[in-house]
Amino acid sequence: MSRASAPIRPRLVKRLVPSRSMRIGVRAGAVVCAFILAAIFLLLTGRSVGTIFGAMWDGSFGSPYGQAQTILAAIPLIFTGLAVAIAFRMRLWNIGAEGQFYLGAFGATAVAYAIPTAPAFILLPLMILGGMVGGGAWAFVPGILRARLGVNEIVPSLLLNYVGILLVDYMVHGPWSDPQSFGFPLGKPFSDSATLPTLGDTAVHAGAIVAILAALAISLVLSRTVWGYRVRVIGENARAANYAGFSIARNVVAIMLLSGALAGVGGMVEVSGVVHKIQANISPGFGYTGIIVATLARFSPLAVVPIALLFGALIVAGNELQTVGLPSDIVLMLQAVILLFALAGELFVQYRVQWRPGSSSSAAPAIPSEPERQAAASASPSIEAG
Amino acid sequence: MTPDLVLTIFIAGIAAGTTLVFAAVGEIITERSGVLNLGVEGMMLVGAVTGFLVNNQIGQPWIGAIAGVLAGAAMGLVHAVFVVGFKTNQVVTGLALVIFGNGLSGYLGTSVVGEPPPATFDPIALPLLSSIPVLGRILFNQDALVYAGYILVAGAWWFVFRTRPGLNLRSVGESPETADAVGISVVKTRYLAVMCGGGFAGLGGAYLSLAQAPSWVPNLTAGRGWIAIALVIFATWNPLRAALGGYLFGCVEALSFRLQAVGVDIPVFFVSMLPYLFTIAVLVVISRGNLTRRLAAPAALGNSFAREER
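Residue numbers (my numbering), protein chains in the order written: chain A, 1 to 386; chain B, 1 to 310.
Quick caveat, the hints were computed from the structure, so don't treat them as lab data. Note that the coordinates shown come from a computational prediction; the quantities given were computed from them, not determined experimentally. Built from N, CA and C at the ideal position, the CB exists for glycine as well. A hint or two may mislead.
Said to hold, decoys possible - Chain A is nowhere near these chain B residues, computed Cβ spacing over 12 Å in every case:
hint	residue
1	Ile11
2	Glu41
3	Ala213
4	Leu283
Stated by the list, open to error - If you want the footprint, here are the derived chain B segments under chain A, 3+ residues with CB under 8 Å:
hint	segment
5	91 to 97
6	222 to 228
7	269 to 275
Work the whole structure out from these sequences, hints included.
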């Protein structure tokens, strides 16, 4: 394109096929860079990086207790991550997983308090159902608004988070408040049959198995069923799906219901497996971290599991920070920075840097081919406003 | 409901609306350039805590407000570097900034939670104007930042619709390729627009922590950034309509916190839900005129621009 006299400067050339190895490298690099940035930040504030990172490691992966805590924190993240991932397969942003998580806990708790003496094999499935209904109902609202009225789902799903948290707040301050909690916003402890069993003699509860089964099931549904195929077609090309006669409106509602139900089960396993009662602040932002998990997993249900483990470890490490006198807010920043670096790195997955001036033999064609465009579109989808 | 109470609600509503107006007008300028900034909530939080901390140190709310603007603009710069420079997905980048702003503001504000500020913005009665019956007390017996909000709204409207740079801004948001072809720098315009929007979001946050409810608690904004984003759609990307909507939302907020005073006995948790539910209801109602709204949205909103890709 330019003459031989042109100065040597970097130029971005679109890759014919997004680089797979670069994609994995970028994610690993994003985590490393985020920790380097955190180290610089801690040094600047005059902290001992070694002590702090040591405490974070010991509290998450470095000790048997930490490992159990990491898995416990990863379980709800798998559910919220799956919720965000499956919605995005239809290019829907469900950023209301936080509220759906709370409503799932709400639904499960309502069941647990209604029939506390029922045997576990009846009560636990009903609590899961309660969680699905609660979370699903919360996601139904943005889903139906999008399907019937064309209201973009982002803002309604997000705003309902605040409403859901306030609803649980009301319940634990009022109708469900435990008279023996001395005014703390706690519900009565669950009966034994409303509590998820633990796996062997670890602290990890059976929700871990439910989470992995859910990831497998969603993956199979998407890749092996007709409905999953329709969902993917609608997500990748709504116009073609429309011509093929797929009902977009009905599937938008269905996928939001499923998404909300998944987040709701996350809330159920958290109250039944970890907290053993309902209380305020049951989530340190599992719904929001789930968005990060799903994005880094490229919305693949199976990839959600390992990435949820990493972010579970980060959340646990954040609690550990408080023991060395640092606010756990640092972990929120760390999560966001990992995501931002991974997003920026995506540029090097889609493009490569060319340093030579002029036309080289490896110059990219001026017009990208159709599969290439689609690959690029699926990597950086755009949303309709309004 | 006594006339006095109604008046109080409107006075508080204008103040509560000012936060939203700042953030919404900023977001309009950002979106007019074709960039979606969902990070408003995070930018407001960082602006709020920065303003509060600076004011705490030196006791000058004006300097605090300016610091809030700069902090918000810095967050805007980060958003621009990612979405314009690295062409990242605008939705996820914005969400990342909300989470980042939440963490950063929580971290920075740890030591000042619940502390009273040494100085705040206090109401100034404007001569003559404040003596207009009723309206004078509602509109012209407010603090200086509320007046700055009035000027800002008019200025933003004039800028967007009546000036050459405003035309350039809109053309970048409608068709970056065309704008690029006639020699407007898409990249520069978008950087400036996103930073400007971030600055206004920061000012909105600082207004909250320095004037409307002078204090700092983690997550002080409580979703106001998202309400501001909804307001932009309500306003069809027009600053004047955003002002109308912002003050209206402010009045709803002011009313809901005084419901108990008018004898409606519902738990405070349900009262706190009202602004969010009202926002969703408004989005539903305005979606009836969906076509005009879709036409009003900048055509390139949410799309990144690369000169050599077509």
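task: May I ask which of the numbered hints given earlier this structure violates, with the numbers listed in increasing order?
output: Violated: hints 2, 4.
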